[in-house]
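*Asks:* Given next are the chains, with one letter for each unit.
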Amino acid sequence: MPIYIARKLAFFILAVIAASIAIFLLIRGAGGNVAAVVLGKDATAEAINALAQQYGLDRPMVVQYFDWIGKLLQGDLGRSFRTNESVADLVVSRLSISIPLCVSGLVLGLLIAIPAGTYSALYSDRPLGALVALLSQVGIAVPVFWAGILLSLLFGVRLGWLPTGGWTNWDASFWGAVRSLVLPVISLGLILGASLTRYVRSAVLDVMNQDYVRTARATGMTQMQALLQVGLRNAALPIATVVGLQIAELIGGTVIIETVFSLPGLSRMILANVAAREVIVVQSTVMLIIIFVMLINLIVDLLYGVLDPRVRLAR
Amino acid sequence: MLTNSKSFRLGLATLTAAAAILAAMTGAMAASPRADEGKMILVARQDPGTLDYTKSNLTALRLWIPANVVEPLVYFNHDGSVSPGVAESWTISDDKLTYTFVIREAKFSNGEPVTVEDVIYSLNTMRESPVSQNSSAYQAVSSIEKVDDRTVRITLSRPSQNFWRGMGSTAGLIQPEAAAGTIATNPIGTGPYKLVSYTSNSALEFTANENYWGEAPAIKDVTVRIITDGTAGLNALEAGEVDTIPVITIDLWEQLIARGLDKSFTMVTYPQIGEPTYAVINQKLDPELRQALATTLDRQAYNDAFGASWGAENTCTFALPNQPWYEPASPESCPYPYDIEKAMALVAEKGYASIPLEYASLSDVPDLSLPADIMVPTMQAAGFNVTRNAIDLARYSQLIFQGRPPQFDVTVMSGDADPAQWACPDESQASWSTYCSVDYTQALADADEALTDEDYLALMKKAADILRKDAVIVPIIAKKGVGLFEPDLKGFLEPRVAVAIEFAPLHW
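Sequence order for the protein chains is C and V.
Each residue of the first sequence is one higher than the last, beginning at 1 in my numbering.
Each residue of the second sequence is one higher than the last, beginning at 1 in my numbering.
Hints in this document: simulated from the structure, not taken from any laboratory.
Any given hint could be a false lead.
Said to hold, decoys possible - Label pairs and their computed distance ranges (CB to CB):
1. V/Asp286 with C/Val138: 55 to 63 Å
2. C/Val138 with V/Gly351: 50 to 58 Å
3. C/Ser86 with V/Asp148: 37 to 45 Å
4. V/Asp148 with C/Leu25: 52 to 60 Å
Unchecked claim - Far from chain V by the CB rule (all over 10 Å, computed), these chain C residues:
5. Tyr4
6. Ile5
7. Gly31
8. Ala36
9. Met61
10. Tyr65
11. Ile69
12. Leu72
13. Ser93
14. Ala130
15. Leu205
16. Asp211
17. Phe261
18. Pro264
19. Met269
We treat Cβ as the ideally placed atom computed from N, Cα and C, and that holds for glycine.
Just chain C, same shape as in the assembly:
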């Protein structure tokens, strides 16, 4: 096990270095610079170059990379060119929206997916089981923004029960903040629930066809008892993988939900800063996400070893 962990950690460090170079080059490869964005369409080349110089964007790329990465290693994420705000402060303020949104959406998705997926797998030959499978297919096909806007129209515009969008800070009103998140979380949870239901169903169907489950059934266990006692741990492996990937995708990938509901979350911050070519804000924020995603993957990998001893022995 220690060799397995050491190997995984080494891979993690190499992947982070590669990712830092990739994100640095990608944002610059997109072309344009923040000075041109700040000054607008009618600025002169001279003015843009002067402002770019003030921002230090005229320095060689290698110098800019090591300057950024050196500060990053010391915990300094840098500052926004346009407002001089600390990137760390920006990220923290946005995470106070994105984390509750993503975690609640994922929890809601799992609360829908685990019972629905299990039921449709165990009772796939019954009409209700087939209906659950059908609904999950429909849910996967529904675009998240469409679901969001319809929920907003129904519960916000028509019924007036919840805000159609916008954000109330936690410190301004706790319940206001919760109300701001209800519709986005439902939109996210429904869509996630639909796709996760498919994975849960597939994983449960797989294990229910295994010999050890059949053997368990032969001892007199019901389907449910067999699933809970011998099947669940095996079914959890692919589900854990998918959930890990979903968390990774959610942290930076809720841009549509945040846009539809006007939430100033991390995804919208990244998108806006890519458009504005705020290279330091984008690089540092995306690096944090990459590190977070890799950590999740590392944990999932290590979890494999715990859930299935054959995995760590094989490696």
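Given the coordinates of chain C, work out where chain V should sit on it, guided by the hints.
*Replies:* Relative to chain C, chain V alone:
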């Protein structure tokens, strides 16, 4: 889960029908719950990113900060009169070379007194501003000096209309020198409001400035909510969560009519917030080729495509209807009107089909990417060998500024109606359009030096004529500003300081 703009737009179009049905089910609107609380919520469609108006020229910033938070030296009113701003009085010498401003005894919103030093600092900052609209007002300025503790004298090397008008616009905004370091997030001024907070992509919060020198505004607390998604903005308005969307963009016009919002809310149209939409044709192309391309620009088709004849006028003049040299499209004012048959004949006669042309479609700005759907097929139908290249604004700017001949032959843009942006003393100083004309630049310079308003107008008309005949900057439509207001929210005034929406005159 990244945004796919095409499917997004398709989805929004589908939603229009659903929204219309749901809207029809909504009952009569109640008055805003904020009316009794002395509050108001407005919607902004764009996040400014920075509030530093000395460095940024973004409309998203200029809508809210000037006039509300930071005031200019003077205000130019719509009746042609000039009102005091930070300057309580002024004198102009007969030769129009010396301007003397007496600064009012007032305080900034941070409680610090306005000093002559602050005024001189502010004017010098704008003189050095990288934003050309700010710095161009100072081209004729030779000195800015303190006369006494309340008086500033500005001396010009020649008469300048741009200078005097600039003192009532963003070029004349006055800030305290001591607070300049935080201008990007917390600009300070003498206006009727002060900024409480700015959270990017979320909101700007304002409250009445207790140190304001004038009458206290009727509405004490103002929130500008940043809702970038247009449908979400209309939903918020319809649900009564916000009180006005003072600037409606072209991509929302069809939806707001389908939902009947133009009937349930007060709709105002005003040219100040508008922008001319125009084609930029590469000046390096042969003049006859440029003229042939210009005849493929179907203004009416573009206008019709958005069903918004009330929001835009066809024009061949680079101006907005509030500028006195503006002219709507007519046989007299359009040297190259839409004429597809003439274009086809020219293509065949001159062999233009063999010349590959590139149309740059700005993908991240709906107003500017949509015209390509109309313009490119028309050019191709005329026989031009045009390919469409989608590109975002930042990348476009970089390519334009690389110092090589522009690789785009046609682009449709919209922006400020400032004709001075095309002034170009020599090719090394050409702006992003690459347009450079000695005659045009001279006509603008002559207009700037005009001693009377009549001379100024005549010379600006002459400049506009040169511009339209050169077929490089080819105006298509003049978009007006369109706003939707909660019916009980009264008092809207057309902007006086550039495009700024003034909160103070609004009341319940």
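*Asks:* If a hint holds in the structure, say so; if it does not, say that too.
*Replies:* Right, here's what the structure says about each hint:
no. : hint                               : in the structure
1   : V/Asp286 with C/Val138: 55 to 63 Å : holds, 57 Å
2   : C/Val138 with V/Gly351: 50 to 58 Å : holds, 56 Å
3   : C/Ser86 with V/Asp148: 37 to 45 Å  : holds, 43 Å
4   : V/Asp148 with C/Leu25: 52 to 60 Å  : holds, 58 Å
5   : Tyr4                               : holds, 33 Å
6   : Ile5                               : holds, 32 Å
7   : Gly31                              : violated, 4 Å
8   : Ala36                              : violated, 4 Å
9   : Met61                              : holds, 15 Å
10  : Tyr65                              : holds, 19 Å
11  : Ile69                              : holds, 24 Å
12  : Leu72                              : holds, 22 Å
13  : Ser93                              : violated, 7 Å
14  : Ala130                             : holds, 28 Å
15  : Leu205                             : holds, 27 Å
16  : Asp211                             : holds, 39 Å
17  : Phe261                             : violated, 7 Å
18  : Pro264                             : violated, 4 Å
19  : Met269                             : violated, 6 Å
Hints 7, 8, 13, 17, 18 and 19 from the earlier list are contradicted by this structure; the remaining hints agree with it.
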